Amino acid sequence: MFLQGAGGDSGQVGVSARSTVSDVRCASMPDTSATSLIHARGLTKRFGAFTAVDAVDFDVAPGEAFGFLGPNGAGKTSTMRMIGGVSPVTEGTLTVLGLDPARHGPQIRARLGVAPQQDTLDNELTVRENLIIYGRYFGLSRPEVARRADELLEFAQLTERRNDQVEPLSGGMKRRLTIARALINEPQLLLLDEPTTGLDPQARHLLWDRLYRLKQQGVTLVLTTHYMDEAEQLCDRLVVMDKAKIVAEGSPRDLIERYSSREVTELRFPGGVQETLDGQLDDLAERIEWLPDRVLLYADDGEAVAVAAHERGLRPETVLVRRSTLEDVFLRLTGRTLIE
Amino acid sequence: MTALVGTVGRVFEHRALSYRRTWRSSIFTSFLSPVFFLAAMGLGLGGLVDAGPSDTLGGVPYIAFLAPGLLAATVMQTAAFESTFPVLGGLVWNRIFHAMHATPIEPRDIALGHLAWVAVRMTMISTIFVAVIVAFGAARSWEIVLGVPAAVLTGMAFAGPISAFSATQKTMEKFNAVFRFGVTPLFLFSGTFFPVDQLPIFLQPIAWVTPLYHGVAVTRALSLGTAFDDPLALVVHVGVLLVFVIGGAWLTVRAVERRMIR
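Chains as they are written, first to last, in the numbering used here: chain P, 14 to 353; chain L, 5 to 266.
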């Protein structure tokens with residue numbers, strides 16, 4: 014099962030049938046354009062001389078939760094906008110739901126749900142009116158859109174606020190409304206650009222729960238995030254983007270196995286001591302990373318590393334043994350330099 | 005074609021839904037504005053003008069001269085307002101245009117739906133205005149009824165080009181200039197309050213190429229009942245307005261597309 018951590022247990026039944034499909038896909042990278050919901054080869058986006066997306070290849074299978082992980086400016090949003098049929102492809106091939114966005118933008122968008130990074134809710138309208146008018150953009154009849162709006166208010170836990178203006182809602186409520194709105198046309202594919210950025214932990218977990226339910230219902234999710242826990246929670250498979258390119262692809266567990274170790278031991282030494290260690294740790298781990306304030310040792314058995322260090326007479330101030338996470342993968346692949 | 009009407013109609017529907025929130029105060033303002041202007045300038049100032057030589061305005065009372073001109077000028081002002089802030093709002097502030105674009109609606113539909121809504125707003129305002137003109141006894145012909153479409157045409161001659169301009173802006177900074185150096189001088193000097201031949205001779209050609217001059221000429225001729233005496237002049241005036249309306253709509257579609265498809 015691809016899903017790890019909280020929420021994984023409840024979803025076993027719903028996901029298993031589909032993850033078999035993606036297992037097969039992952040095993041060998043065949044030409045999957047016939048079965049893919051999204052198929053990209055050499056996909057490129059340039060704005061003048063600036064290349065936002067540089068010849069990326071990826072496929073998204075039906076029912077999958079697929080993530081674009083990467084630092085700010087990596088090209089995630091530009092990729093999403095091309096998939097969403099609102100931004101022309103500069104070069105390469107892209108098909109979405111089997112159609113070419115350049116020629117069938119409106120037809121593709123009719124079957125997509127889009128939750129953009131920046132809210133585009135209408136603050137002058139009420140919560141419910143926002144859903145209604147958005148449904149009308151898709152040409153749905155008034156009775157139909159009213160029925161769906163009430164269902165979605167329930168789903169997004171906004172029924173009590175249905176007749177309130179949007180403006181005073183909390184960030185979490187607005188984001189839930191944005192996602193509810195994106196579902197009004199019962200999309201086959203839901204695009205979520207940084208769905209939980211800026212939300213508090215309660216709001217994030219509620220949103221994850223809702224997204225997880227959608228996934229169980231068979232909605233294909235494509236999301237961008239720079240939160241590792243979000244990617245681990247939600248994504249069956251993801252690509253890591255950096256500087257307009259895809260630098261790695263796989264399930265969260267694959268990526269951790271490939272680019273990190275099972276565990277990480279973090280040693281923090283008293284001031285000045287770290288500089289005197291000189292070689293004493295080198296053979297303890299598969300890989301060692303020296304940060305200004307601590308040393309990270311990547312190994313399969315973190316506890317053993319800590320014990321070995323102690324046996325050598327090293328006395329760190331604090332020792333932390335933890336499981337390796339996507340964050341380790343991410344930092345390894347995209348570096349620790351601050352990206353502005 | 006029907007598909008286009010459908011998608012444009014949905015954009016229009018959004019604007020109408022938003023308008024529902026403020027329609028009472030909006031209609032009230034549309035009614036008060038002509039009442040105040042016609043009372044102050046038509047009756048107050050007009051009393052002085054009419055006391056002068058009787059052939060000043062071709063023997064027409066000032067209020068009868070002023071009212072139809074003011075109709076065209078007021079509609080222009082509102083059209084300019086409706087074509088600045090709501091356009092920038094949809095693109096930049098609340099980004100509603102982008103929300104629409106995430107659905108089957110195309111930027112072209114957004115541009116045309118916006119203009120369609122402005123046209124309906126102009127129709128509301130000019131209908132109320134014409135009713136007030138009639139109530140003041142300032143119309144001299146039943147043809148004033150045609151003043152409604154004439155005023156809408158005048159308003160749309162501004163709505164197009166100004167919406168196109170707004171769609172190229174990132175902030176509202178330059179809107180002040182549009183009103184201060186565009187809308188206000190036109191309001192004052194396009195024949196609304198006095199005949200254009202009162203202007204210095206070198207300024208008159210400038211008045212001729214602005215749509216408001218032609219709009220005022222049409223509404224005034226209709227109100228005075230002289231519009232069909234000179235069919236050629238009528239055709240020229242309406243023709244100029246149509247060029248601005250159609251050209252402006254084309255520019256708006258282009259500007260919104262260039263802004264949103266990138």
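Since the hints were derived computationally from the structure, they do not count as laboratory data. Just so it is clear, the structure is predicted and the values come from calculations on it, not from any experiment. Be aware that one or more of the hints could be misleading.
[Unchecked claim] A short, non-exhaustive set of chain L residues, derived as facing chain P with CB atoms under 8 Å:
hint	residue
1	Arg19
2	Leu21
3	Ser22
4	Arg28
5	Thr33
6	Ser34
7	Arg99
8	Met104
9	Pro108
10	Ile109
11	Glu110
12	Asp234
13	Pro235
From the three backbone atoms N, C-alpha and C, an ideal C-beta is built for every residue, glycine too.
Going through the hints against the structure:
1. Hint status for Arg19 of chain L relative to chain P: violated, with the closest Cβ pair at about 10 Å, above 8 Å.
2. About 6 Å separates the beta-carbon of Leu21 of chain L from the nearest beta-carbon of chain P, less than 8 Å, and the hint is met.
3. For Ser22 of chain L, the suggested interface contact is upheld, since its CB lies about 5 Å from the closest CB of chain P, less than 8 Å.
4. Given hint, Arg28 of chain L at the interface with chain P, is violated; its Cβ is 15 Å from that chain's nearest Cβ, farther than 8 Å.
5. Given the 8 Å rule on beta carbons, the hint for Thr33 of chain L is violated: about 18 Å separates it from the nearest Cβ of chain P.
6. Taking 8 Å as the C-beta cut-off, the interface hint given for Ser34 of chain L is violated, the closest approach to chain P being about 20 Å.
7. Annotation: Arg99 of chain L was flagged as interfacial toward chain P, and the flag holds, the nearest CB pair being 4 Å apart, inside 8 Å.
8. For Met104 of chain L, the interface hint holds, since its Cβ comes within 8 Å of a Cβ in chain P; the closest pair sits about 6 Å apart.
9. Given hint, Pro108 of chain L at the interface with chain P, holds; its Cβ is 4 Å from that chain's nearest Cβ, closer than 8 Å.
10. Checking Ile109 of chain L against chain P: minimum C-beta separation of about 5 Å stays under 8 Å; hint holds.
11. Below 8 Å, beta-carbon pairs count as interface contacts, and Glu110 of chain L has one with chain P at about 6 Å; its hint therefore holds.
12. Checking Asp234 of chain L against chain P: minimum C-beta separation of about 46 Å lies over 8 Å; hint violated.
13. Below 8 Å, beta-carbon pairs count as interface contacts, and Pro235 of chain L has none with chain P, the closest being about 44 Å; its hint is therefore violated.
Violated hints, in rising order: 1, 4, 5, 6, 12, 13; the structure is consistent with all others.
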